[in-house]
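Take a look at the letters that make up each chain.
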Amino acid sequence: MNKKFPMRLHFLLTTAWLVVALYMIFLYAPEEMTMGEVQRIFYIHVPAAWVALVGFIIIFIASIVYLMKRSQPADELAHATAEVGFIFCTCVLVTGPLWAKPAWGIWWTWSPRLTLTFLLWLLYVAYLMLRSYLVNPGRAANLCAVVGVIGFADVIIDYMAIRWWRTQHPQPVIMGGPNSGLDPRMLATLLVGVGAFTILFFFLVRVRLRLAVMRRELSEIRHALAFKLSED
Amino acid sequence: MNSLKIIWSIVMKDLRVEWRNRETLASMCVFGLLIIFLFNFAFETAHEETLRLLPAVLWVAIAFAGVLGFNRAFASERENACMEGMTLAPVDPSMIFVGKMVANLLFLGIAEVVMAFAAALWFNFSFLPALGQLILIAFFGTLGYAALGTIFGAIAANTRMREVMLTVLQFPIAFWILIFSIDATGNAMRGNPDGNWLGGVGRVGGISLVFTVTSFLLFEYVLEE
Amino acid sequence: MFNKYLFWAYSLVWLIFMLYAWNLSRRQTRLEKELDEVKSKVTESASSASSGPSGS
Chain V
1 MNKKFPMRLH FLLTTAWLVV ALYMIFLYAP EEMTMGEVQR IFYIHVPAAW VALVGFIIIF
61 IASIVYLMKR SQPADELAHA TAEVGFIFCT CVLVTGPLWA KPAWGIWWTW SPRLTLTFLL
121 WLLYVAYLML RSYLVNPGRA ANLCAVVGVI GFADVIIDYM AIRWWRTQHP QPVIMGGPNS
181 GLDPRMLATL LVGVGAFTIL FFFLVRVRLR LAVMRRELSE IRHALAFKLS ED
Chain S
1001 MNSLKIIWSI VMKDLRVEWR NRETLASMCV FGLLIIFLFN FAFETAHEET LRLLPAVLWV
1061 AIAFAGVLGF NRAFASEREN ACMEGMTLAP VDPSMIFVGK MVANLLFLGI AEVVMAFAAA
1121 LWFNFSFLPA LGQLILIAFF GTLGYAALGT IFGAIAANTR MREVMLTVLQ FPIAFWILIF
1181 SIDATGNAMR GNPDGNWLGG VGRVGGISLV FTVTSFLLFE YVLEE
Chain G
2001 MFNKYLFWAY SLVWLIFMLY AWNLSRRQTR LEKELDEVKS KVTESASSAS SGPSGS
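Protein chains in written order, with the numbering used here: chain V, 1 to 232; chain S, 1001 to 1225; chain G, 2001 to 2056.
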């Protein structure tokens, strides 16, 4: 991947795309009728939520690959994705209330998207805590992969269960669905935003992966050194 | 060795160890009782509205008592290097999982009976009319919850802050088992006003089975080096 | 029409990313330092091995 898509190019592309997205958010998209300027938070809230979800899907796939093939790069990818995904998920939870309060008068509600995001955030926290609290590094990959798989099963169940729960306990309709009656310019802005965040996500994951590769190099050299010293 | 024999021997081992000082069971029961007592005292018990809280209070108490039990289930194994012993034994790890899970299920089940008695007493509510349904819901809910508690207990036993790690893993993932159980229990207690009691039990059963099977399949990875 | 919620939303998101970027950069410098230390130890032991049979 590094040969096909060098980091520098990735960085430039990310920056450019973000600039375009920001332009569209502030200067191209029309002002929303009922909420006013505050609605522009939507253009980072939704893409961040999308990326956070994709992140966990990647963790799931990487975990399965690790359990089946013991591939260390898969484990490193899972860990890197977990960190970056967690950052994006936090952004969703930060922007959500900041949008909800001026728009609908409440800081929080258990709407499907916010509930799912909160549960997803808890899963990210659990995964990252496990990574940092593990005493035996040899087992870390195994255990985290197991949590990655169970966690993703939970995400699927979350999605279905929340929908069922909302039919039992209908809430006042706050948002007529994310895409209901969306001005085409708003939709275009949103899509560009999703693209920008996605490319940013993968850029950050690659940066984080560099750290993992360095750490692997470090432990390999240490091993070789210890072996060599024991020979002398 | 026959799989059932293995499971049986693990369950009997845990029961025998527990019987010696009954620490785990006692603390689970006491902890659960305290939670129910707290909620019951904080809200006026004679009111109809308070009964709405009963399913949630019960399952919250079960949830916390359960986590207490799951922590101890693997703590003693860890201390006496039994984990390594189990890993080395020529036994299918999944059978170890089933054994530990059944033991956890039994202990939590006994604690639940104690808690149910106390709740019925303090909330002035009889569980008898819907007893069969409630037992089904309690069984399936506890099954899924114990399955997750068993695998997460084994995972958390490898970490520095075991109790915290188990809790952090358990609650987000067992969340819907608890919510569906609370919902079904409430429905049963109210005499199934929608007439659809099978749906509630089915939901709890379905989600519990999903998590039980997943935990069962993944447990071998938790034990291997 | 400057909206304070809009400001805080974008600013906090920006801050979160910047904090993470800083965190990554710090970890990278630390790892690079460790790598350099270990690499120098390797060259040390290599040179001491070649300078005489006496073990370290």
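Worth flagging that the hints you see were computed from the coordinates, not collected in a lab. Each hint should be verified, as a subset may be incorrect.
Straight-line distance between alpha carbons at most 27 angstroms, and here's what the computed DSSO-like set of lysine-lysine pairs gives [unchecked claim]:
#	chain 1	residue 1	chain 2	residue 2
1	G	2041	V	228
2	V	101	G	2033
3	V	4	V	69
4	V	228	G	2004
5	V	101	G	2039
Below or equal to 27 angstroms on CA atoms is what counts here, so check residue 2041 of chain G against residue 228 of chain V. holds (11 angstroms)
Distance restraint between residue 4 of chain V and residue 69 of chain V, which requires alpha-carbon spacing of 27 angstroms or less: Between residue 4 of chain V and residue 69 of chain V the Cα gap is close to 25 angstroms, so the pair holds against 27 angstroms.
Measure nothing beyond the straight line between the CA atoms of residue 228 of chain V and residue 2004 of chain G; if it is 27 angstroms or shorter, mark the hint as holding. Not OK: residue 228 of chain V and residue 2004 of chain G at ~62 angstroms, beyond 27 angstroms, violated.
For a C-alpha distance cap of 27 angstroms, please report whether residue 101 of chain V and residue 2033 of chain G respect it. Cα-Cα ~46 angstroms, so violated.
What's the verdict on residue 101 of chain V and residue 2039 of chain G, does the C-alpha distance respect the 27 angstroms limit or exceed it? Violated: residue 101 of chain V and residue 2039 of chain G sit about 55 angstroms apart, past 27 angstroms.
Checked against the numbered hints listed earlier, the structure breaks hints 2, 4 and 5; every other hint is satisfied.
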